[in-house]
Amino acid sequence: MTARTLTFLAALAAAAAAIFFSLNSSSEDIEKARLSLTGSSTIAPLALEIAKRYEAQNEGLRIDVETGGSSRGMADARRGLADIGMVSRRLKAEESDLTAHLLARDGVGIIVHSSNPIEAITGAEVTSIYKRETRNWQALGGPDADIILVHKAEGRSTLEVFLDHFKLDNPSITPDVIVGDNEQGIKTVAANPAGIGYVSIGTAEVAIENGAAIKLIKLDGIEASTATVADGSFPMARELNLVTYGEIPENAASFIAFAQSADVNDLIKGQSFVPPRR
Amino acid sequence: MSRRAADRLFRFSLRSATLAAALALVFVTFFVGYEALPALQAAGAGAFLTDPSWHPASGTFGLMPMVLGSLAVSLLALVLAAPLGLGAALFENFYAPPVLRGLFQRAVELLAGIPSVVYGLWGLVVLVPLIAKHLAAPGTSILAAGLVLAIMILPTMALFSSAALGAIPAEQYRAASALGLSKWTALRTVLLPAAGRGIMTGLFLSFARALGETMAVLMVAGNVPQLPSSLLDPVRTLTANIALEMAYATGAHRHALFFSGFLVMAVTLLLVTLAGRSEKKEARP
Amino acid sequence: MTGVETQNRLAALAIWSAGLLILGAFTLIVGDIFWRGFSGFELGFLTEDPADAGRAGGIRSVLAATALILLVCLAVTLPIGLLTGIFLADYTAGGGRFAPLVRRSLDTLAGVPSIVFGLFGNAVFAHLLGLRISILTGGLTLAIMVLPFFIRSAEESLRSLPVSFSQAAEALGLSRLTFYGKIALPAALPGLMAGLVLGLGRALAETAALIFTSGYVTRLPESLLDSGRTLSIHILDLALNVPGGAENAYRTALVLIVLLFAINGALMALTRLSPSYREYR
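Chains as they are written, first to last, in full-length UniProt numbering: chain A, 1 to 278; chain B, 1 to 285; chain C, 1 to 281.
Quick list of simulated restraints, FRET-style, between CB atoms:
#: 1; chain 1: B; residue 1: L135; chain 2: A; residue 2: D231; range: 43 to 49 angstroms
#: 2; chain 1: B; residue 1: T250; chain 2: C; residue 2: T27; range: 45 to 51 angstroms
#: 3; chain 1: C; residue 1: L129; chain 2: A; residue 2: A253; range: 32 to 38 angstroms
#: 4; chain 1: C; residue 1: Q167; chain 2: B; residue 2: R3; range: 15 to 21 angstroms
Just so you know, these hints were derived from the structure itself, not from any lab.
Idealized CB from N, CA, C, for every residue including glycine.
Make the full structure from the sequences, and use the hints.
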């Protein structure tokens, strides 16, 4: 190694520093038209993907997506802090000052091991299982095996939908396994013949196609499938909405039109949501 | 550039690089602490201790289940790995035939280099199904995590014990033998006490490593934040909690995760400091 | 048989069992990885991109992302680590009371659990500096993690040079820069390389510090600001999240372990070249 090598290393460090600063300033260099979205952290990753694709088609536009929960999304839209709010449920009657634009649906289905003879379950049975009042599959006409409860970690949207639908209080649930992603939930149930879990229906369908040893079972008599989620008949589901307040600026309107078009179906499915029937 | 100027620049870059390296610890501590602070303000320091459970979405931030989970898993690992690691060191230094000795050293070194995620993979694919089949389903449990961790910290324990034993002058062992002491008696009464502090260092560092380990535990512990009542119960450790929930955490939840990271850091650094102390004391006489 | 003799035999038995148990565990785990990893392993695994969530295809993009992350890590660790190592080892640098403080700080940094580096990288590089979840963020986070290990071995290998080198250089009136460029660094090269390789091994094995800094994306990275997953994260994702992913998880683990063993071999060779280099873990 020579002095020249040392100089080279110093230059390398300088270059790294330069990259750093240029990265920080480059965003401020060019004045771009901006569109801002805030709200539900469930919708944010999808909105970010849609925004990226939209930006690629519309040069000179920059879309910022920030999370902070559905309530923030509505508040920001009302106060004009954001052009569009993201709200992960249907708007209530008293929120009719806002306009909802349906982006996608989020459906959560109950899954069991594929060897489990159970094909359908009622809401009351699910509640009783998760409250540990029903502990054995026999009580539901299944095999003599202790039920293994697979549950989601805090912060996951499927957990919210599940708790909300069954009016369950999370601290009252004592599961056997807690998982993070939908895929981990599927994998855990597939590995445990006596397991039960709940996952995003889109993800479960893909996994079943790929041969995962699970099945989606009927909830309150309704088939759990992307079709029933799309047409709104599956009960454990929610709307993912973009909301606006008052008159919609032109660039926001065209972004919403894009987000509601079939061009983003693959992105919606990629986030394991269900595109609404168009 | 004159030679003197070049030299001055060289010295300057030496100093600034060193300053940057020295400040890294300060930065890490500061920013993790800074992100944890809002949690203390919002929930109050007591909440982490007294809240009955960890349900950030419902506003309860009790870390005790995870503190106990971390302790349970790490202590189990230590109880298993400490005697084995010490035994391994004695084996390597005094019992193994020369042929096996080199092989053994290599094996321990390679075990130390296997990534934690690979141990986790092995635990998940081999160990967990075994526990599920023979003991209790679903198998993800304190036992699984403790076993995987034990294998992971075993090399640390063995390497430090071996170094401590190796540092003792060979004359001591020879003198003891010359006095007619048998091998084990010589080890027990002369060498092990002499290597005591070095072995303690290994213990502290193994414990620190077990507490700080994340991925392997995340994969096999079951991750239910509860007070466990048996070895076959699932638990969640402080570190697994961060890995599991960080991606989707916002607001107070996110800050609370930084707080648990801060806590893990504080405890492991305390252990590392203790280890350093016992190492230094040994060096003195 | 006397009591002492029984004790001796029991002790020997226990110690032999401990030794054999560890050899057994090693054979079991490494054997398991090699056995399952090799079954159905084809070279195409290295040159194809992952498909079907990683169940099919190979790990080309994962290897690329791993290499980029390691490069970023090296680009930062190397200059800072080398300069700091020189500062700590050089008695003319004027370290004084500062040097022990730096050493203490670095030793402590080496003890910080990796998940904490992940938190730090997420808060500072990804959010504060706006680098998002990216290869750059992951590499920088790893750099901070690896720094103390590289500095320590750089310092030790420089320290192990005879003092007469430095004295002779001074007597000849060589500048420190020339001394290091022409004499000290070349002489300490094997030790420096060993430190580098040790750091690389640590970075390669790391997962916890990367899950929320470099991310999960499997696409071939196009820039340092893209998210990219490393080999270890690929294993984690396949094992935890992909039903039917265990096979490719094992194959990836095999690749990772072979790389690490190669690094370990290189480390031993380098250590032999520089006999005074003390291993620092």
